[in-house]
Amino acid sequence: MSHQDLFLTFTVAENRKENYRAQTLVLDAPLPAAQPGQFIMAWLPGIGEKPFSVAAADPLTLTIAAVGPLSEALCRLPIGARLWARGPFGQGFKLEGKKLLLVGGGYGAAPLRFLAQEGLRVGAKVCVCLGAKTADDLLLAEAFRSLGCTVWTATEDGSAGLKGLVTGAVEAALRDFRADGLYACGPKPMLLALVELCRKHELPGQFSWEALLRCGLGLCGNCELDEETCKAAGIPTGWLTCKDGPVSFLSSPGR
Amino acid sequence: MSDLSCNFLGLNLRNPLVLASGVLGTSPGLLERVAACGAGAVTAKSCGPEPRAGHANPISVEWAGGVINAVGLTNPGLKDEVPILREAKARLRELGVPLIASIFAPTVDDFGRMAAGISAAEPDLIEVNISCPNVSDDFGTPFSGSPETTAAVTRKVRENTNLPFTVKLSSNVPSIARIALAAEDAGAHAITAINTVPGMLIEARAASPVLSNRVGGISGWAIKPIALRCVAEIRKAVKLPIIGLGGISTGQDAAEMIMAGATAVGVGAAVMQRGPQVFALIAQELDDFMNAEHYPNLEKMRGIAIR
Ligand SMILES: Cc1cc2nc3c(=O)[nH]c(=O)nc-3n(C[C@H](O)[C@H](O)[C@H](O)COP(=O)(O)OP(=O)(O)OC[C@H]3O[C@@H](n4cnc5c(N)ncnc54)[C@H](O)[C@@H]3O)c2cc1C
Ligand SMILES: Cc1cc2nc3c(=O)[nH]c(=O)nc-3n(C[C@H](O)[C@H](O)[C@H](O)COP(=O)(O)O)c2cc1C
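Protein chains in written order, with this note's numbering: chain Z, -16 to 238; chain R, 2 to 308.
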């Protein structure tokens, strides 16, 4: 008889503060099959279950912004507490080329951290642009720097880096970093702006989209990306964020 | 090449494979994608009178025997469902794939209102879901639990629509044949069987059921033997065409279901394992099986195992 675990059980080994509302949870075991851009469904019984990007796979690491009941409970987990997860799920990023431009908004920095690690490991140069409302909201900037990435930041109020949206930082970075491809994760308006930017610069792009995920199995249909976004980003309609995504590919920009 | 075409209540299906209700939802984009992936017909997610958000996560977990779910009948409610189905129907017509609407309701009278209301979207067929294990009456029994309530809902639907309809049954009864007979006598045009099988899974190291709803419905290959038995019993009891489903994931599974007496074959959980392209894959495997076993068409295979 074979026994299949329904959820994987992890224990919190380290819980690090990243900013006023975000924590990084380092767990006690690796998730060996995980690729950058993939996610797990993290479960706290009685509280909830939601998708979180793999921020590092060995050991499994999550970076979580406390914005609601589940994310707050996860951020408060003490060392030694358990949490449960299914996954890894989804289509992650594909590492292509030797000069990677990573663009993150909000918790979007989490999967990019894993991607940066993998990129640097295979000898690529990695430039990271991070956007946030204020300096306090910036996430993982120091972590990217200590990995060895060049980091640009943009804040809407100008309290850190360039003033304005992250697209401004991307334009600035591209002036002396001739990227082979752009890899982005963040809110939808940011991704749509970056799709246009990739078209303008004829730059291949990979975009990780957010949707309300329910089953995570490609079964319930809840996480279908809306048709307007699909059309704007060159994605076929009926696209399931949990299974076909979360990463979409814009491989022939300019058209 | 065998002939996979399937006549279901006068609808011409290019193959007998039907998307099961609740799998991939109701959006025109997803139903269109499933049709483009080779389904013979598609069923929308069950819709009720009012919008429902459904249960909290976890709503669905994979396990060794398939999947357990308690989505909780997430749906936009009748008023918003009708234009969505109209749009879906328009897109499916282009592809020559029939649309099956699915309805549920809390009372017999509401089933009548749902049947009348959903008819405005002009689906090719209505599936009447009286067997969802995840929402139930005050006594915890779905309408499909007794011949009397099955007949009452069926009669009410018959009075409220001119469209053909199929009644979807649960395996979780002492005699599914008696339930099917009650539906036939009360005017149903077809039977769909089976819905998910009530169950529970516990994550031992969390000392907790895995679903927020605690209990849910089992689907996938673990329930195939139950589904085959149910369809065979229904086939022997009634003359109505049957959409047989439960654990069908390969062409040979589909052949078994037809051999048990099903007219068409539903596919649900297998979409998780093999993706939306599962329909083209099963159709090809069914064709290969029929060629190898010398069945020129579905009719020659239908019910052959239970004669
Ligand atoms: C593929 C995928 C990967 C994800 N990866 C991560 C990750 O690595 N780290 C992470 O923190 N989250 C991630 N999320 C979001 C996460 O799944 C939850 O949506 C989030 O934690 C909120 O859940 P909650 O139950 O705590 O709060 P909810 O009650 O669901 O939300 C509370 C409020 O906060 C808003 N909100 C939700 N997310 C954010 C946000 N990021 N910033 C600001 N407001 C927000 C909601 O709209 C709501 O108004 C990911 C989502 C997806 C689809
Ligand atoms: C996620 C999920 C949601 C479902 N939702 C519905 C539903 O809304 N209405 C319904 O009649 N059946 C629903 N079902 C049951 C299926 O239509 C089908 O009867 C059952 O899953 C058995 O078939 P399978 O083993 O091929 O999945 C659902 C099943 C799953 C897995």
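Be careful, since some hints might not be right.
[Stated by the list, open to error] In the DSSO-like style, the derived pairs of lysine-lysine whose C-alpha atoms are separated by at most 27 Å in a straight line are:
| hint | chain 1 | residue 1 | chain 2 | residue 2 |
| --- | --- | --- | --- | --- |
| 1 | R | K225 | Z | K214 |
| 2 | Z | K116 | Z | K146 |
| 3 | Z | K171 | Z | K214 |
| 4 | Z | K226 | R | K240 |
[Stated by the list, open to error] Chain Z is nowhere near these chain R residues, computed Cβ spacing over 12 Å in every case:
| hint | residue |
| --- | --- |
| 5 | N8 |
| 6 | G30 |
| 7 | K46 |
| 8 | S61 |
| 9 | V62 |
| 10 | E63 |
| 11 | A65 |
| 12 | T75 |
| 13 | K80 |
| 14 | G118 |
| 15 | S220 |
| 16 | K225 |
| 17 | Q274 |
| 18 | D289 |
| 19 | I305 |
[To be verified] For each label pair, taking beta carbons as the anchor points, the in silico distance ranges come out as:
| hint | chain 1 | residue 1 | chain 2 | residue 2 | range |
| --- | --- | --- | --- | --- | --- |
| 20 | R | S147 | Z | P42 | 28 to 38 Å |
| 21 | R | S6 | Z | P219 | 56 to 66 Å |
| 22 | R | R87 | Z | Y3 | 46 to 56 Å |
| 23 | Z | Y3 | R | G78 | 50 to 60 Å |
| 24 | Z | P13 | R | E149 | 55 to 65 Å |
I should point out that these hints are in silico values taken from the structure, not numbers from a laboratory. Fair warning: this is a prediction, and the values are worked out from it, not measured in the lab. From the three backbone atoms N, C-alpha and C, an ideal C-beta is built for every residue, glycine too.
- Message: If I claimed the Cβ atoms of S147 of chain R and P42 of chain Z lie 28 to 38 Å apart, would that claim hold in this structure?
- Response: violated (54 Å)
- Is it the case that K46 of chain R keeps its Cβ farther than 12 Å from each residue Cβ in chain Z? It is violated; K46 of chain R is separated from chain Z by about 7 Å at its closest Cβ, not greater than 12 Å.
- Taking C-beta pairs only, is K80 of chain R more than 12 Å away from all of chain Z? At roughly 20 Å from the nearest Cβ of chain Z, K80 of chain R sits farther out than 12 Å, so the non-interface label holds.
- Query: With d taken as the least Cβ-Cβ distance between Q274 of chain R and chain Z, does d exceed 12 Å?
  - Reply: violated (9 Å)
- Message: For a C-alpha distance cap of 27 Å, please report whether K226 of chain Z and K240 of chain R respect it.
- Response: violated (40 Å)
- Message: I want to verify a distance hint. Is the separation of the beta carbons of S6 of chain R and P219 of chain Z within 56 to 66 Å?
- Response: Cβ of S6 of chain R to Cβ of P219 of chain Z: about 28 Å, so the range 56 to 66 Å is violated.
- Message: Confirm or reject: A65 of chain R is not an interface residue toward chain Z, with every Cβ-Cβ distance exceeding 12 Å.
- Response: For A65 of chain R, whose nearest Cβ neighbour in chain Z is about 4 Å away, the distance does not exceed 12 Å, so it is violated.
- Item | K225 of chain R and chain Z, when compared Cβ to Cβ, separated by more than 12 Å | holds (17 Å)
- Task: Determine whether the Cβ-Cβ distance between P13 of chain Z and E149 of chain R falls within the hinted range of 55 to 65 Å.
- Result: Distance hint for P13 of chain Z, E149 of chain R holds at roughly 57 Å.
- Message: According to the definition I'm using, a residue is off the interface if its beta carbon is farther than 12 Å from all beta carbons of the partner; does S61 of chain R meet that for chain Z?
- Response: Non-interface label fails for S61 of chain R: nearest chain Z Cβ at 4 Å, not farther than 12 Å.
- Item | Exclusion check [V62 of chain R not at the chain Z interface, CB over 12 Å] | violated (5 Å)
- Over 12 Å to the closest beta carbon of chain Z is the bar; see if T75 of chain R clears it. Non-interface label fails for T75 of chain R: nearest chain Z Cβ at 7 Å, not farther than 12 Å.
Hint compliance for this structure: hints 1, 4, 6, 7, 8, 9, 10, 11, 12, 15, 17, 20, 21, 23 are not met, and every other hint is.
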